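Undergrad: Each chain, written out:
Protein chains: 2
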Amino acid sequence: MSFWETPHKTVYQGTSKTGRDTVRIIPLGGTGNVTKNMFLYEYRVDGAIRDILIVDCGIGFPDPEMYGVDLVIPDVRYLANKKQHIRGLVFTHGHDDHIGGIPYVYDKLGNIPMWGTTLTAAFANIKLAEIRIKSRVTPVDFEKVLRIGPFTVSFIRMTHSVPDAANLVIETPIGTFYHGSDFKFDFDPLDGKRSELAKINAAGKRVVLCLLTDCLGSERPGFTPSEQVVGETIEKELKLATGKVLFTTQSSNISRIQRAIELALQYGRHVAFIGRSIDQNVEAAVKLGYMKFPREALVRDRDLKRLPSTKQFLVVAGSQGQPDSALSRIANDSHRFVRLDEGDTVVISADPIPGREHDVNTLIDAIYRKGARVSYSDIMEDLHVSGHGSQGDLMLLLSAVGPRYIFPIGGTYKHLMQYRRLAQDLGYEKREILIPEEGQVLEFSSHSAPRVVETLELENVMVDGLGVGDVGNIVLRDRQTIATEGIVVVVIPIQKSTGRVTSGPDIISRGFIYMKESGGLIDAAKRTVLQSLRLKKGRMMDWQFVRKQISENLSVFLARETGRRPLIVPVIVEV
Amino acid sequence: MSFWETPHKTVYQGTSKTGRDTVRIIPLGGTGNVTKNMFLYEYRVDGAIRDILIVDCGIGFPDPEMYGVDLVIPDVRYLANKKQHIRGLVFTHGHDDHIGGIPYVYDKLGNIPMWGTTLTAAFANIKLAEIRIKSRVTPVDFEKVLRIGPFTVSFIRMTHSVPDAANLVIETPIGTFYHGSDFKFDFDPLDGKRSELAKINAAGKRVVLCLLTDCLGSERPGFTPSEQVVGETIEKELKLATGKVLFTTQSSNISRIQRAIELALQYGRHVAFIGRSIDQNVEAAVKLGYMKFPREALVRDRDLKRLPSTKQFLVVAGSQGQPDSALSRIANDSHRFVRLDEGDTVVISADPIPGREHDVNTLIDAIYRKGARVSYSDIMEDLHVSGHGSQGDLMLLLSAVGPRYIFPIGGTYKHLMQYRRLAQDLGYEKREILIPEEGQVLEFSSHSAPRVVETLELENVMVDGLGVGDVGNIVLRDRQTIATEGIVVVVIPIQKSTGRVTSGPDIISRGFIYMKESGGLIDAAKRTVLQSLRLKKGRMMDWQFVRKQISENLSVFLARETGRRPLIVPVIVEV
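Chains A and B, in that order, are what the protein sequence lines are.
Per numbering that gives the first Met the number 0, residue 0 is the first one in the first sequence, and the count goes up by one each step.
Per numbering that gives the first Met the number 0, residue 0 is the first one in the second sequence, and the count goes up by one each step.
Looking at chain A on its own, in the form it has when it is part of the complex:
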């Protein structure tokens, strides 16, 4: 039985509203954590599900203790028996934590229609094409109004760190919701396309029942600076540069990459793109007119060697120090076409994502060791600005929308709490600020306060290699134990007919202790195993019991001798 066939559990079941029509918001991800965004809007009449609208379907990044897990995707088992009700999916913007989950779960949703603004759709379609899903996201412009079952969805352009980001106004039979995912107010954006404040105000003139809002920047006072300041910093670096310049940022930050290229051209450099994610995104952006530069300014990676280093500007993937990224490979002398030399400059125009600081610092050290200059945000102000609004941006959206209820999303718990303080400063009462956790189902009706009517027990669906959902909690717990304590396998050959131990036992360990230097310990461990076997002579055929005895006795012995508690696996071989 695969993960997807195991039924989802509801750990709390409350009573529903008395009204005829209700709308439930079901966060399958994106609240209480920053990534894996996926929200359901579910319309019910007399308690029966009629229509479901999905907003976003992103990947999450594994916690450090999820050893070996590549990424996490939303647990969509709730939808398993509700496919006939799903009317469609709208993506808010083209970041992986909003679009990246779709290739993994598309076949679980039924063949549903999907929409997104132009670049959002293009980025999502790259993901779908990669694993040969035929369906595509339909691109829509910001004036489009979608009627999706009983839902009317309109788009509001917002500035963020990827072009074409949108907030959604979702009208439902019981009232209007404002889905305010990732944004900031950049009044001087690089692409000239500001947030559509007039549309936000228009939405606010009607009654908005609930504002779902980005809250990731709720700890930062003031407004988030404009992307313009980054351009100025990049120019400073170009002025100082005496060799190649390598520039890295989030691969989806098309406007910043465009700006960097324009500046590089002004300084007489040619441009090369290094790394698959950069290649793909730039190709899509150029095709759609989101990036523009003269073709002759480009140089292929293999032709770089013909250019003097002072003429090279390389846009490189790997701003988070990912060990297998182009930039890490370059810094470690293992890239096919690019090497770092003394006098080169590397500009890291990104802040480490929480949890990636170690990788980024390792990368910086590796670059320095090559004799190159590195600019990174700890030593150079304005080398990166966040795409998320700070307290000022957040208060501006809240004031413009003026909702009856607020539901902060896209932040960890501390960001939610900090947002609540802000909203309270603006006159909202605690009960008007909803802090549901993932899986908590909030029910709204037109005439009474929203409340949690159900709590779904969501699991982390982990992707490891080709497997989706096959690394579950048991596998992960074993990995954690072995990673920190090691594993000890005890092999005991038993004669089938007599139930006697024929030889051994053999003890094999990995990640526990260096066996060749631990002969005494191993011999004593073998004696412990044999004693466990001897003690239970009368019940020797109850193998499960014997295995448990061996595990317990050996565990106590090894903990006393080494202070470690390895995973112990007794294997009884009948011969």
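Bear in mind the hints are in silico, worked out from the structure with no lab data behind them.
As the structure is a prediction and not an experimental result, all values here were calculated from the model.
Hints may be right or wrong, so weigh each one.
Chain copies aren't distinguished; within one or between two, either way the pair holds.
Cross-link-like lysine-lysine pairs, in silico, DSS-like; alpha carbons within 30 Å at most [to be verified]:
#  : residue 1 : residue 2
1  : Lys143    : Lys133
2  : Lys286    : Lys198
3  : Lys369    : Lys143
4  : Lys81     : Lys515
5  : Lys429    : Lys369
6  : Lys8      : Lys515
7  : Lys235    : Lys429
8  : Lys525    : Lys547
9  : Lys369    : Lys192
10 : Lys495    : Lys515
11 : Lys107    : Lys310
12 : Lys107    : Lys515
13 : Lys310    : Lys429
14 : Lys81     : Lys133
15 : Lys369    : Lys8
16 : Lys515    : Lys82
17 : Lys107    : Lys8
18 : Lys547    : Lys515
19 : Lys495    : Lys525
20 : Lys515    : Lys369
21 : Lys429    : Lys238
22 : Lys8      : Lys310
23 : Lys192    : Lys525
24 : Lys310    : Lys238
Once you've looked at the hints, dock chain B against the given chain A.
TA: This is chain B only, laid out in the frame that chain A set:
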């Protein structure tokens, strides 16, 4: 053969100076990384070692990929055959990364004399007593001048985040060294004891051959603020608090804890200490007069329940979110005497150490979930100030000492490079700024430029549970593989007399895939194993070859089917 008996290797051996007398500085830790500080000053005459002075002996914190490792200690094998030359050890200050290694390596150094300023000696002696080493560090005051073999060591008081921190002036037969480990210039320190700038200037009046200097703050412009600002912030929190206040900081930051207690008393609260590291340090500090408060202000943890929450001020260990610390246990409802309630306040007066951000954020979220208020440095300015000098502090020390050569220590590579830029701004030339890495031996003489004469191949000596050095690179590599890919054990029973497989094979995996749902995969894997055995029929007794074949074939098969490369351990059981 234990780790300590394996000889250390020299990977580079250059030519020595021609002069009669030389001094070598050998960094066994503390350059290229922040922790595990240990420096040797080695005096030679005509190339022969005469005398060795050791400065500091600290622990290091494991890299994230050192799974299960508790801490790292310096590799002192270089000293194994040189005990007769070691004249003594001086500690600069009482932080674990300067004193914490001594209990692990003391028996490798011979019964050497040790010195430190009063509180430094007290903290180091707590460590030694814990594992029942009889020797003790001799406390000295700042006016003391030690003559240790040919070295004359005097102390300069420096402000840092622990009282009694010292820089050392080390006079040798070939010139004077200034050992400027961790410091900042706090001109208004909480204990009133400023850095002794006059002494630094006096040292600078003589010729200082080389300045070893803290460089951790070299990325930060300006001066590091005084500890005073933290007091003001703590007072704000006390004013706002409506329930218990829990205060946490580094357990060695005695002055800050003292200040927090004074403020708590002003606000009519009683004080309890929660956590072993806090208990031990406070006890030592009180005994030596570094902390003062009325005995009746104290309350034992078990008596807290008799006090109203508004009268409680708890100084709690665990400011880095360590999962087994007192504060984490409290936040997760598993502390014996303390629980968090709505309305309580937790003040985290510390910045996360790089790599610990995830644990600290998890802690903050857990506290919020209890309904308590948390103050932490992301939302509250001046809740923590660094103990390390910023660019201004560093330039002040450099200008006052005016050395011929500079050797930045106690920073990662990026800090060293950043310090070099600073020193260049002050007029030093690149060749005067020495950037050796751990194990690189720098030789100084009175008449020619210092240079690297030898490079020792140092290993990370890892402490895991009770084992010191028994987790080596092989064990660690296995842990890494298993942690991310899992382990597959293949058990093959073979009849000893005939060399035939009697049954099976059995395949056991952990951390790889959930076996109960993967019957088909396991069966196919067994067939792969059997094929490997059949192919090599003629050579069936060459078990090593058979094992290798099984590993390779099974690895290819599993990678193709699952995208993972688990550690494969074939076990052949002769029966």
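Undergrad: Now, for every hint given, state plainly whether the structure supports it.
TA: Structure-based check of each hint:
Taking the closest pair of Cα atoms, Lys143 and Lys133 come within 30 Å of each other only inside a single copy of the chain (24 Å); across copies the shortest separation is 80 Å, beyond that limit. Taking identical chains as interchangeable, the C-alpha atoms of Lys286 and Lys198 lie at most 30 Å apart only when both belong to the same chain, with a minimum of 29 Å there against 68 Å between chains. Proximity of Lys369 and Lys143 under a CA criterion of 30 Å is satisfied in neither setting, with 52 Å inside one chain copy and 44 Å between copies. For the homomeric pair Lys81 and Lys515, the shortest alpha-carbon distance between copies (28 Å) is at most 30 Å, but the shortest distance inside one copy (58 Å) is not.
Proximity of Lys429 to Lys369 under the C-alpha cut-off of 30 Å is restricted to the inter-copy arrangement: shortest distance 16 Å between copies versus 54 Å within a copy. With identical chains, the CA atoms of Lys8 and Lys515 are at most 30 Å apart between copies only, with a shortest distance of 21 Å across copies and 49 Å within one. In this homomeric assembly, Lys235 and Lys429 come within 30 Å of each other (Cα to Cα) only across copies, at 23 Å, whereas the closest approach inside a single copy is 47 Å. Taking the shortest Cα distances, Lys525 and Lys547 sit within 30 Å of each other both inside one copy (16 Å) and across copies (26 Å).
Proximity of Lys369 to Lys192 under the C-alpha cut-off of 30 Å is found in neither arrangement, the shortest distances being 40 Å within a copy and 43 Å between copies. Taking the closest pair of Cα atoms, Lys495 and Lys515 come within 30 Å of each other only across two copies (24 Å); inside a single copy the shortest separation is 32 Å, beyond that limit. Taking the shortest alpha-carbon separations for Lys107 and Lys310, neither the intra-copy value of 50 Å nor the inter-copy value of 56 Å comes in at or below 30 Å. Proximity of Lys107 and Lys515 under a CA criterion of 30 Å is satisfied inter-copy only: 23 Å between copies versus 51 Å inside one chain copy.
For the homomeric pair Lys310 and Lys429, the shortest alpha-carbon distance between copies (27 Å) is at most 30 Å, but the shortest distance inside one copy (58 Å) is not. In this assembly of identical chains, Lys81 and Lys133 lie within 30 Å of each other by CA distance solely inside one copy; the values are 22 Å within and 72 Å between copies. Within a single copy, Lys369 and Lys8 get their C-alpha atoms only as close as 54 Å, which misses the 30 Å cut-off; across copies the closest is 25 Å, which meets it. In the homo-oligomer, the alpha carbons of Lys515 and Lys82 lie at most 30 Å apart only across protomers (29 Å), although the nearest pairing inside one protomer, at 58 Å, exceeds that limit.
In this assembly of identical chains, the alpha carbons of Lys107 and Lys8 lie at most 30 Å apart only when taken from the same copy (17 Å versus 58 Å across copies). Taking the shortest alpha-carbon separations for Lys547 and Lys515, both the intra-copy value of 27 Å and the inter-copy value of 19 Å come in at or below 30 Å. Taking identical chains as interchangeable, the C-alpha atoms of Lys495 and Lys525 lie at most 30 Å apart whether they share a chain (21 Å) or sit on different chains (21 Å). For the homomeric pair Lys515 and Lys369, neither the shortest alpha-carbon distance inside one copy (38 Å) nor that between copies (50 Å) is at most 30 Å.
When the C-alpha separation of Lys429 and Lys238 is checked against a cutoff of 30 Å, the pair qualifies only between copies, where the shortest distance is 22 Å, while the shortest distance within a copy is 52 Å. For the identical chains of this complex, Lys8 and Lys310 are neighbours neither inside a copy (60 Å) nor across copies (44 Å), given an alpha-carbon limit of 30 Å. In this assembly of identical chains, Lys192 and Lys525 lie within 30 Å of each other by CA distance neither inside one copy nor across copies; the values are 72 Å within and 60 Å between. In this assembly of identical chains, the alpha carbons of Lys310 and Lys238 lie at most 30 Å apart only when taken from the same copy (13 Å versus 60 Å across copies).
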